[in-house]
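Visitor: Sequence:
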Amino acid sequence: MERQHERLATPWAAGVAGVVFAILMGAAIVLVRIALPAGAGDGAIADAAQRSAVRTALELLPFAGIAFLWFMGALREQAGEGEDQFFSTVFLGSGLVFVATLFGAAAAAGTVVDESQQHPPFGRHFAYALLTTYAMRMAAVFIITASTIGRRRGTLPRPLVVLGYLAGLALLVMGANVPWSELVFPAWALILSLNILRNRRPVRPRPASSA
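Letter 147 of the sequence shown, counting from 1, is numbered 146 in numbering that gives the first Met the number 0, and no numbers are missing.
Worth double-checking, as some hints may not be accurate.
[Stated by the list, open to error] Estimated spans, in silico, between C-beta atoms of each pair:
(1) Pro178 <-> Ala106: 16 to 24 angstroms
(2) Arg152 <-> Ala99: 40 to 48 angstroms
(3) Tyr164 <-> Pro61: 40 to 48 angstroms
(4) Asp83 <-> Val112: 38 to 46 angstroms
Simulated from the structure, these hints should not be mistaken for lab results.
For clarity, every value in this text was computed on a predicted model and none was experimentally measured.
In this text, a Cβ means the ideal position worked out from N, Cα and C, and glycines have one as well.
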C-alpha cells in the first residue's frame, strides 16, 4: 500500500519540479540575454547592473539543473515499469547531457564577469554556443522522446503531444539562429507541469482506522 501511494504521488512531484525548473531556467535565460545580448559589443562587461544580472543567473542555474533532474526522474517513474527501453535510454541520455551542457554554459558565462577589455570575449561566445547550439538540441531530443513516451503510454493528451513535437522540431531547426528561442524549453516544461498538476493531486496516507 505504501508503494502504491508513492507511485500515485509521482505525478505531483513531477509537476512541482517542472514548474520550479521552468521558472528558474526562464529567469536565468532572460537575465543572461539582457546582460549579454548576442551581437552586442565584443568587449567585457563594464556595467555593474549587467554583472549583477549575470551573477544572479549563474546562481539560479544550478538549482534549475537540480529541479530538472527531479522533473526527469519523476516523469520516468510516471511512465511505469513497462516503458520502452529504447525511448527510455534516449530520454535519460538527452536529459543528462542537457544538464551537463547547461552547467558548462554557466561556467563559460561566469568567465565573462572577470574578462578584461584586453582579452578576447571567449567566454561569451562559448557560453552562447553551448546554450543555443548544444543544450537546446539536447532539450529538443528530450521533448520529442518525452512526448513519444507520453503518447505511447497514454499519459499525455494529444494536444500536448503535438505541442511537444512542434517545440522539439523548433529547437532542432532554430538553434542559435533565432534569439530568445531558448525560452521554448522552459515554456514547454511549464505547460506540461501545469497539465500534470491540474489532473493530479498529492496523495496523503489514509489515517489508520481505529479499532
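Visitor: Do the beta carbons of Pro178 and Ala106 sit within 16 to 24 angstroms of each other?
Guide: holds (22 angstroms)
Visitor: CB of Arg152 to CB of Ala99, is that within 40 to 48 angstroms?
Guide: Violated, at about 27 angstroms.
Visitor: Given the hint of 38 to 46 angstroms, is the C-beta distance from Asp83 to Val112 inside that range or not?
Guide: holds (44 angstroms)
Visitor: So the hint says 40 to 48 angstroms: do the beta-carbon atoms of Tyr164 and Pro61 match that?
Guide: violated (30 angstroms)
Consistency with the previously given hints fails for numbers 2, 3, ordered from lowest to highest.
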